[in-house]
Amino acid sequence: MKHFCHRWIVMYLLVLMIFFVFFREEPVVAKLSSIAYKKRLEAEIVHKINENQDFTAYELRWCIQYYQELIDTLGPFDHAYANQGFCYYYLGDLDRAIAMYDKAITINPNQYSYYWDQGMIYSQKKEFEKAIFLLQKAIDVLPKTVGMYAGFLRNDDFREAMGPQIVLEDFMSFLTRTREDEYLAYEELANIFLSLGREAVAQQMHRAAQGILTKKEDNKLSLAELYDQGFLFRRQDQRKHLHFHVLCFQKFFVNLQASAKRK
Amino acid sequence: MSSFLRHIIHFFFLRVSFLKFILPFGLWLILFYPIVLGRITIVGDTCSFYATVKFFTDNLAQGVFALWTPFLFWGFPTLAEFQYFGPFNPMWLLILIFQKIGISFYFAFLWTYLGYFFIGQIGFYYLAKAILKDNLVAYIAFLVSLFSFTSMIIFNSPNSVFIGVPMAWFFYFLVRFWQSFEKRFFVGLVFTMMIIVGCYLPFYWWTVFFLVCFLYCVFYREKLASNARAIRLFLKHRWRLVIVCCLALGLAAAVSLKGYSIMRAGDVLALDRKIAGDDVYQGGINVAYEKIAALCVTAQTTFRQMFFRLDDLSVCFGPRYLSIFVFCVLALGSWVCITRKSFILFLLTTVLFFVALGDQTPLCKSFFYYFPFFKMIHGVGSFYGIIGPLLILFMAMQLKFILKQKMDMPRYRGLAVVFFVHLGIWLLLRRQPMIATTHVAILLSALFFSLVVLGKLSYKPIWFLLLIAGVVVQPVEVFWKLHEALEHMDVNKDRIIQNCSYPSTSPMFSFTRPELVEDFDVYDAHRAYIQMKDASGFPLTAAGYPPKWSYDLKKHFPLHTVSQYTKYKFHLYDHIRFVSDDSFYFQQASKFPSLTNLAFISAESNNSEEGLRKLSLSSDTSLKRDLTAAITGPSEQFDILSFSVNTIKIRTHFLQHKFLVYTDSFQPGWRASVNGKAVALYRANLAFKGIFLPAGENVVIFDYKPFGGQAFYFFILSMHVGFLCYLIFLLVHRNKETAP
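From first to last, the protein sequence lines stand for chains A and B.
Numbered per our numbering, the first sequence spans residues 1 to 263.
Numbered per our numbering, the second sequence spans residues 1001 to 1740.
These aren't lab readings, by the way, just hints derived from the structure by calculation.
Hints may be right or wrong, so weigh each one.
So, partial list: chain B residues that the calculated Cβ filter (under 8 Å) puts toward chain A [stated by the list, open to error]:
1) G1038
2) S1334
3) W1335
4) V1336
5) C1337
6) I1338
7) F1346
8) H1483
9) E1484
10) A1485
C-beta atoms are modelled at their ideal positions from N, C-alpha and C, and glycine is treated no differently.
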């Protein structure tokens, strides 16, 4: 024991002590630098959505980690959780995807797409009761979401930062997307009720869906016309088209366009 | 000659024991086979280097030392850009040799690059051997280094190669020279320093070198007097060699300083990385402290990357992976006694680590304010390329003492220490998902060190294999699992593959440039380099060093106006006007000189040339632009006689005096001559070169000649090659030399 002070253990303990005293907290700037580098994965996901390509497990895993770092650095926020849910869904881990959407809904209960996505996942899991509740909730919350985004439009600072024309174009596109999502939610509800043997309700839901599909507002094209004229891809299986929310792009509403372009 | 060959054979096969390097290199190549065979391409910064190296070597193959790039930013000097990879490094000549034997440029580059990396690893082995004086432990250090993060990231980030290789050899020659004061080590020392000063890394090297010198003076002060005597004796005996070496080093340093001086003078703009967001160009070479500190890796991230999520590492995000064996040895080394040498290594590693942590410690700030060179470091995170090998050396030193002293305690206590240390590591790692070989490596390490403590290692090959298995088994799995990450190293891989597929080419001259597009990124810029064709945009990302005035032009003028004007490389004017302030140009943004028959010349180039006075005009009113004044192609009046990246030779024949504007960036260092007679070169129309053109037949030459032109740079390159040949000669004939 007399040589204890001459052994490396003393030096190691000293260095460890320094670390525990000074470096337990990571500086935010360094974290941001790392995050800024990883945001390219988000761009890759959007690129693949737009190009109708499949994601790889690698990209999805790293994207989950990227959002986790964002949450760790900036605190919890709904878009990051929802995108983690998106990634888990495409990785095939439906339970964790649902858990992530739960977190997103807790933070922001006024975003219809979280209910929509979660409802579609439950529908895929054949948990129809929850699916019906969530899709109905998505339809109910939709006007609130639109109102929330419209609020941004009224904000002068926001319009100036993003560019008024871009904001307006994105918002119009967003409105189209919400119409389509509402239509698809009704269609999914119709399918669910049909498989539950409740044909009358299914018919009602289908009629509601058709109503949205053919509805024309202010001389704009109806959804059916948009589909027919090739302005919108018709999503064959809506359960495979969750929403991806883009956090780091100039275009604020691009999130909902992105997932919609998938066939 | 036959004697020389015999020496070489002897050197490689008997002294170096070639096989002991071939086998691990072979395994490493197998683990990275998708990249080695070209199934996956290099990405990231390595890809950027690929583009510039291709540009450099393609020109070299044409007998041109590229000092200027006319294809990007309407022309910019390459000296600063080339400093990243060191154009005087003789290794790049290997690419030309590979190409001569029919290998495509991509593979010629890749294999040269890999060869250079392997040479660095061998250098690290020799350095470890020189410091530790133990072949076996040095070999283990070499293996750990080869199968660590330093080799994982080379396909994405070449900094660890460009920093690590010359530094390993430099410190090897330094240590050996300090031990023996032999000529060959001195020559090696000078040669590696020449490589280092010609590269981007002098600042990293200088930091380490300064710390090493400081620590040596503190801990070995009793030896300083005898060292000084030995140096004096060496200088006395080898004064001719020392003078030649100093001259060579001075020349290499002067060329390097020229590259930095271009940036320092503000003639070109260096990239200023934002902490989060897009990169932008800003003047000057110095970097703000906040930015240097921000490009660091935090302590937590480092530890997380070292131990956890080994099945999911990404080469893009700078993994700090080291074999688990290293940590087993370091933990067991807790019971080893502190020695002076190991303490210096430990201190050096710790100090550099604290610096690399950026703003988390006061060290980085102190270095920044007290060492002027530190202001030019673009991110302290790159110090990890040095910290890794230092930590490995420290581990090797601990291993040496463990093997030698057998833990220096009674057997039963030694066994208990081995058991609990490994159990502790295993329990610590169990908190996260572990890859299978982590268990195996810990087990092998525990077995090996138990045998060491028990003194049961009588049959050398068996325990040697056990030791190697303990070192290599985990990295093999980690590297293998990295294949998926390699596949997705870059989101723009399709464009990179396309860029890597272009064959070698020669510079292409065209009278017109493609129309500028806004959406022009770094990959497009690489293509301009690789194809040696005019770019169709002005990238605002890391793609070179745009000249100050060209950047102003791009920034202040509407893209369409600039695009229209720069579409043609030559414009002729009948009238000129001197402009005293550049802000004048910005006020004229809407009616740029493409619309009038009047060229503007900046006042700093005010000249009393007689011809100019004839063209001078006080007002630009009622000047209608003659559309034919832009040269759209060869004609009897205007033709290109020859073109290379540094020079353009033109024949003109006009009936009247003209002012010729060449829409290639103006930069100090350019010379112009008419009929063999030097003429004044003006900065015209904000960013470009202009000359007065007399009437009649003329042969005009625009030539970029910083430091006397390319002949001087060829001389520097041949000097490097000469030094390398001399060094190899001295190393091969080492037995014949005696120390003074």
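Hints, one by one, checked against the model:
1. G1038: 21 Å, violated
2. S1334: 4 Å, holds
3. W1335: This hint holds: W1335(B) lies near chain A, its Cβ roughly 6 Å from the closest one there, short of 8 Å.
4. V1336: 6 Å, holds
5. C1337: 5 Å, holds
6. I1338: 6 Å, holds
7. F1346: 7 Å, holds
8. H1483: The hint is violated - H1483(B) has no Cβ within 8 Å of chain A, the shortest such distance being about 10 Å.
9. E1484: With a closest approach of 5 Å, the E1484(B) hint holds.
10. A1485: 6 Å, holds
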